[in-house]
Amino acid sequence: MGLFGGTKTVHVDADILVIGGGMAGCGATYESRYWGRDLKIVCVEKANIERSGAVAQGLYAINCYMGMQWGENQPEDHVRYARNDLMGLVREDLGYDIARHVDGTVHKFEEWGLPMMRDPKTGRYQREGKWQIMIHGESYKPIVAEAARKAATEVYNRIMITHLLMDHKANRVSGAVGFNVRSGDFYVFRAKAVIVAAGGASHIFKPRAVGEGMGRTWYAPWSSASAYALPIEVGAKITQMENRIVLTRFKDGYGPVGAYFLHLKTYTQNGYGEEYEKRWYEDTKALVGEYVDHHPVPTCLRNHALLKEVAAGRGPIRMVTKEAFQDPHKETVGWENFLGMTIGQAVVWASQNIDPKHTNPELTTSEPYVMGSHATCSGAWASGPEDYAPSEYQWGYNRMMTVDGLFGAGDTIGGTAHKFSSGSFTEGRIAAKAAVRYVMEKGREAPQVSEQEVRDLQKTIYQPLENYRVGRNEIVAGTVSPSYLLPIHGLQRLEKIMDEYVGGISTNYMTNGKLLSRGLELLAMLKEDMSHMGAEDLHQLQRVWELQHRLRASESVTHHTLFRQETRWPGYYYRGDFMKLDDQNWHCFTLSRYDRKTGEWAMEKAPVYHIID
Amino acid sequence: MPTFVYMTRCDGCGHCVDICPSDIMHIDKTYRRALNIEPNMCWECYSCVKACPQQAIDCRGYADFAPLGHSVRALREEKKGTISWKIKFRDGREKNFESPIRTTPWGSIKGPAEYAAPRPADFANQELAHEPDALNIEGGLPALRRNQLKQGVV
Ligand SMILES: Cc1cc2nc3c(=O)[nH]c(=O)nc-3n(C[C@H](O)[C@H](O)[C@H](O)COP(=O)(O)OP(=O)(O)OC[C@H]3O[C@@H](n4cnc5c(N)ncnc54)[C@H](O)[C@@H]3O)c2cc1C
Ligand code: SF4
Ligand code: SF4
Numbered sequence: 001m002g003l004f005g006g007t008k009t010v011h012v013d014a015d016i017l018v019i020g021g022g023m024a025g026c027g028a029t030y031e032s033r034y035w036g037r038d039l040k041i042v043c044v045e046k047a048n049i050e051r052s053g054a055v056a057q058g059l060y061a062i063n064c065y066m067g068m069q070w071g072e073n074q075p076e077d078h079v080r081y082a083r084n085d086l087m088g089l090v091r092e093d094l095g096y097d098i099a100r101h102v103d104g105t106v107h108k109f110e111e112w113g114l115p116m117m118r119d120p121k122t123g124r125y126q127r128e129g130k131w132q133i134m135i136h137g138e139s140y141k142p143i144v145a146e147a148a149r150k151a152a153t154e155v156y157n158r159i160m161i162t163h164l165l166m167d168h169k170a171n172r173v174s175g176a177v178g179f180n181v182r183s184g185d186f187y188v189f190r191a192k193a194v195i196v197a198a199g200g201a202s203h204i205f206k207p208r209a210v211g212e213g214m215g216r217t218w219y220a221p222w223s224s225a226s227a228y229a230l231p232i233e234v235g236a237k238i239t240q241m242e243n244r245i246v247l248t249r250f251k252d253g254y255g256p257v258g259a260y261f262l263h264l265k266t267y268t269q270n271g272y273g274e275e276y277e278k279r280w281y282e283d284t285k286a287l288v289g290e291y292v293d294h295h296p297v298p299t300c301l302r303n304h305a306l307l308k309e310v311a312a313g314r315g316p317i318r319m320v321t322k323e324a325f326q327d328p329h330k331e332t333v334g335w336e337n338f339l340g341m342t343i344g345q346a347v348v349w350a351s352q353n354i355d356p357k358h359t360n361p362e363l364t365t366s367e368p369y370v371m372g373s374h375a376t377c378s379g380a381w382a383s384g385p386e387d388y389a390p391s392e393y394q395w396g397y398n399r400m401m402t403v404d405g406l407f408g409a410g411d412t413i414g415g416t417a418h419k420f421s422s423g424s425f426t427e428g429r430i431a432a433k434a435a436v437r438y439v440m441e442k443g444r445e446a447p448q449v450s451e452q453e454v455r456d457l458q459k460t461i462y463q464p465l466e467n468y469r470v471g472r473n474e475i476v477a478g479t480v481s482p483s484y485l486l487p488i489h490g491l492q493r494l495e496k497i498m499d500e501y502v503g504g505i506s507t508n509y510m511t512n513g514k515l516l517s518r519g520l521e522l523l524a525m526l527k528e529d530m531s532h533m534g535a536e537d538l539h540q541l542q543r544v545w546e547l548q549h550r551l552r553a554s555e556s557v558t559h560h561t562l563f564r565q566e567t568r569w570p571g572y573y574y575r576g577d578f579m580k581l582d583d584q585n586w587h588c589f590t591l592s593r594y595d596r597k598t599g600e601w602a603m604e605k606a607p608v609y610h611i612i613d
Numbered sequence: 001m002p003t004f005v006y007m008t009r010c011d012g013c014g015h016c017v018d019i020c021p022s023d024i025m026h027i028d029k030t031y032r033r034a035l036n037i038e039p040n041m042c043w044e045c046y047s048c049v050k051a052c053p054q055q056a057i058d059c060r061g062y063a064d065f066a067p068l069g070h071s072v073r074a075l076r077e078e079k080k081g082t083i084s085w086k087i088k089f090r091d092g093r094e095k096n097f098e099s100p101i102r103t104t105p106w107g108s109i110k111g112p113a114e115y116a117a118p119r120p121a122d123f124a125n126q127e128l129a130h131e132p133d134a135l136n137i138e139g140g141l142p143a144l145r146r147n148q149l150k151q152g153v154v
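In order, the protein sequences belong to chains A and B. With the numbering used here, letter number 324 in the first sequence gets 324, and the count goes up by one each step, no holes. With the numbering used here, letter number 32 in the second sequence gets 32, and the count goes up by one each step, no holes.
Chain A extracted, bound-state conformation:
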């Protein structure tokens, strides 16, 4: 076993295992205890749930709140909004389900101590926009984590889950394995139900930031695609992986723009001070037809106009802040918005002497990300709510994937855009209630774990330490070895392949069938090279497994992008060989299933049901 061969193996038995203690994982942990009073509920997290996941630095807004108590919005309004933004394709059954429960979640957050801003005139939550409410959310994550800690039987921090375990006789999950990134101990979790809540994926495509700034991605650098790789590798079906998201954000820091557009009423201009979105109306209409007339204009189409304007030589695009920032209240909101959720943007502006009161700051479009909770809906294909989901969308328990006993929530689950922090927590709660029912009804027989499989996985997981130990002796010093690659090498190769072949920034998000096929060939070689990864220590071992998860998700993204022969979301990516939206053939979901024995991907279409008029 090499260097860490002497470390312990720790066995943990649980009724419900929650993987990832971010927003969705904390929601799942809380709700599991409410329904499963006597169950053993274990939450396992690769960092520390106190500050883990996309909400580590806090948030300044809760982006999904209906306000049903004041008649502001109804769940069906939210479904229409999300469907419109995603160019017609969302799982309306799942989206409605989140929307009908989300207000209760937010009210609980307030009761727990999350400072909500209130409209002084109405006494209601202060709206940032139709769906967003404003909070002082610096401690959003610690507060939510406190609720989860009170609910869990045990929380294991600093354990990176690398693989799910399957019952060796049935299509049923039986647990997960991973390692402690501090002690190196090998962990084997056996569980009757598993809820994957491991967040989205950054660093799949090459980021704009280079060198030291590489970590300044929009989504957190620790969002390592485990949410997709773990279910994919045990054969769960996954959907809409082509629907990666590109964000228009403040340049370099990727500071959020929501409060600026919606609350501060700032607006964009090209480098010459002109409005430009209208100029691209006809061009966009030729690509997507009447979708361009939808209100609000879908996020991808706004990106599209910006990209066209820059390509026409009229950059940089700027946010006009000078007017709004003359109001001291608005100025405070503008800055606190960053300090509350993207501090790096405040750092950029301070360093470049950008005071938005006097300078209109630049905007840019980010590299693409894969996730399931923002204006995008990649993720696992899940069973819908029992009370109304159509039969194609329902094969058992709510939020159960196509593997028995395997549930998901938040960025993990596909088809449900615009759930954000509150909706992810809520989806965790929905999945947990269903998982408790599953355990009560089906859990009497504990799923079987194969000892042989566990031993094989243990060897695989620690192999990079051994590769390094052996290979390191061949060379004098430094990072260049003929026999192993370090995780950063593999990551940069992955990012370059995805960037150049699958529609990243360097091609202006353009790809086609030829490029995608070539991309798959290069990804296959990277896959082979993964058995030659070297890790100097446990930290690098974590990075190797994060890379493995990113690679698996990237393969899925590439297969999905190849399968969908249309450009449904111009502004997110373009298929140069199929430049138009094609409702006749592609008003559907794309599904993939990976066969881990053969390494083959099977693609299929699934119907879109429109539940709401």
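These are calculated hints, taken from the structure and not from any lab test. Don't be surprised by glycine CBs; every beta carbon is placed ideally from N, CA and C.
With a cut-off of at most 30 angstroms between alpha-carbon atoms, the simulated DSS-like pairs for lysine-lysine come out as follows:
1) K29(B) / K8(A)
2) K80(B) / K121(A)
3) K265(A) / K88(B)
To spell it out: a stretch of chain A is covered by chain B in this simulated footprint if at least three of its residues, at any positions, have a beta carbon under 8 angstroms from a beta carbon of chain B; those stretches are:
4) 40-54
5) 69-75
6) 112-123
7) 127-141
8) 208-222
9) 332-338
10) 383-393
Model the placement of chain B with the ligands on the given structure of chain A, informed by the hints.
Below, chain B with the ligands without anything else, positioned relative to chain A:
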């Protein structure tokens, strides 16, 4: 770079190591003080900065796009329930902000098992914990009918 630790302030307590979501704050074996071992995987999330009891951690913006001479300092005071920020521009201008972080005492959240246990019938419906009360609406949890579904183009 992006975060770094001042040698004279750090006492090696390890709070930053414990909290960093990226697993990049480590204790240097020679100096027994903390350092950022992988600056290019730092999100400048300030979790470590906020957690350091000695204010030993600071952030120097990413070298590839942040000119020198700036500073963004945070002081998070749990007992007071506030976070204060001091932003210094490269040209010396300053801005200060303070926000509340929590309205209830730390540790005061009521765990889910402290509520009355759900009845067997509750498992069969679609309500989650604390519903329908927590929704603050009349008429109970909203629902759709199965016969509303239709397939096809919007
Ligand atoms: C810059 C930014 C601004 C945002 N703004 C808003 C906003 O204003 N309002 C809003 O409502 N939402 C906002 N969001 C979105 C919100 O943060 C996400 O929707 C939400 O956090 C998703 O929840 P999740 O639980 O799926 O993922 P996360 O909260 O990211 O949690 C995933 C967890 O899984 C853990 N994990 C990952 N892999 C493993 C593994 N292999 N083993 C063990 N643990 C693992 C991670 O460490 C993490 O704790 C924003 C996000 C970002 C990045
Ligand atoms: S928290 Fe502060 S004092 Fe403690 S080890 Fe980290 S830098 Fe040093
Ligand atoms: S700022 Fe965040 S990512 Fe960077 S070292 Fe500190 S805790 Fe880690």
